[in-house]
Amino acid sequence: MRRGKVLLQAAAVAVVALLLALLGWQVAQKNSGADLASQIKAGKGPTAPALVLKRLDGDGSVSLASLRGKAVVVNFWASWCGPCKDEAHRLEAAWQRFRSRGVVFLGVDAQDFSSDARTFVGRYGVTYPIVHDGPGSTLGHWGVTGFPETFFVDRRGRLVAKVTGPVKDGELEQNLALALQAT
Amino acid sequence: MIRPPRLLLLLAAVVALLVVLVPPAGANEQHPTLAEIENEVYCPICHEPLAASSSPIAQRMRAFIRQRIGVGQTKSQIEDALVREFGEGVLAAPPKRGFNLLAWLLPLFGLGFATVIVFVLARGWLRSRAEPAATDPASNGRAPLDPEIERRLDEELARFDG
Numbered sequence: 011m012r013r014g015k016v017l018l019q020a021a022a023v024a025v026v027a028l029l030l031a032l033l034g035w036q037v038a039q040k041n042s043g044a045d046l047a048s049q050i051k052a053g054k055g056p057t058a059p060a061l062v063l064k065r066l067d068g069d070g071s072v073s074l075a076s077l078r079g080k081a082v083v084v085n086f087w088a089s090w091c092g093p094c095k096d097e098a099h100r101l102e103a104a105w106q107r108f109r110s111r112g113v114v115f116l117g118v119d120a121q122d123f124s125s126d127a128r129t130f131v132g133r134y135g136v137t138y139p140i141v142h143d144g145p146g147s148t149l150g151h152w153g154v155t156g157f158p159e160t161f162f163v164d165r166r167g168r169l170v171a172k173v174t175g176p177v178k179d180g181e182l183e184q185n186l187a188l189a190l191q192a193t
Numbered sequence: 082m083i084r085p086p087r088l089l090l091l092l093a094a095v096v097a098l099l100v101v102l103v104p105p106a107g108a109n110e111q112h113p114t115l116a117e118i119e120n121e122v123y124c125p126i127c128h129e130p131l132a133a134s135s136s137p138i139a140q141r142m143r144a145f146i147r148q149r150i151g152v153g154q155t156k157s158q159i160e161d162a163l164v165r166e167f168g169e170g171v172l173a174a175p176p177k178r179g180f181n182l183l184a185w186l187l188p189l190f191g192l193g194f195a196t197v198i199v200f201v202l203a204r205g206w207l208r209s210r211a212e213p214a215a216t217d218p219a220s221n222g223r224a225p226l227d228p229e230i231e232r233r234l235d236e237e238l239a240r241f242d243g
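Heads up: the sequence lines are chains H and W, in that order. Residue numbers for the first sequence follow the numbering used here, so the first one is 11 and each next one is one higher. Residue numbers for the second sequence follow the numbering used here, so the first one is 82 and each next one is one higher.
So that you can see chain H by itself, here it is in the shape it has in the complex (with noise of 0.2 Å):
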């Protein structure tokens, strides 16, 4: 009696731990970029969080870690953010003037409809790479906390700058050259 008691016991405390432990491990994964942007700014250069995204147009999935050995400039973006349409022209001739130095640009529009998205894509007439994050389940990983955000990655894989809000010309050019000189 008294052993089945403390077998009880010892099973409810068990239980209790274990989902203590499951949602620790939730909010740290999901809060995982919390500290990226202040990494970013101590000019530590963190490692950009993995990214495997299906592509807008639904060919394929695109890969951060398959784009390795270029600059990267990765914009998240939603169609329904009126800012991310300031930017849009922007963005899309930055990408015409600088894809041929070794430098990629890839969309991410997350929280959005698809649908919505490709209407976007072709009213600005963006043509670089676009991903689609519906969940938006990259965010939390990138510290992304509205739209739009862009960050900077470097021909390693690290980040060396973010933009929070709409892009300005300067600020691409400058986190650009930013992102071809680190070796």
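Keep in mind the hints are simulated off the structure, nothing from the lab. Beta carbons: idealized from backbone N, C-alpha and C, even for Gly. Mixed in with the good hints, there may be bad ones.
Reference listing, derived: stretches of chain W covered by chain H, where coverage requires no fewer than 3 residues with Cβ under 8 Å from a Cβ of chain H [said to hold, decoys possible]: (1) 125–137; (2) 148–157; (3) 197–207.
Given chain H, put chain W in place with the hints provided.
Okay, now just chain W, sitting in the frame of chain H:
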């Protein structure tokens, strides 16, 4: 033969399973309204029910739901379409299938487990209270006194008698 406490536990488990697995009577599967779906779906960026959100994506989702209702889709079809776009996190409650079924069943198991623990503890507590009275006929149904108090009481009584 099944003893009454076990029968009660079994009945409670069956009722709880029915509550979880059978949809509420008011739910309008074939002809849903915007208000019904708004309360079963979350805004993916503001993490609150769609009914309470006025964000741009919430407004776009409302337009999407209205359009789907307009073409005669069922509630499940509309919610499935939203899940395909935004993942299962868009639903206010996890779907009652696959791994998500655990989210519905675990609280019930927890409740059953807690009931068993309370039952076992209460039975042990009642037994420990009943046992001294049953084994000591001189106690006359009362709880035994502390030996030190009993000794002092005997001394006082002896002095009074003397």
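Status of the hints after comparison with the structure:
no.	hint	verdict
1	125–137	holds (count 3)
2	148–157	violated (count 0)
3	197–207	holds (count 5)
The structure is inconsistent with hint 2 alone, although it conforms to all the rest.
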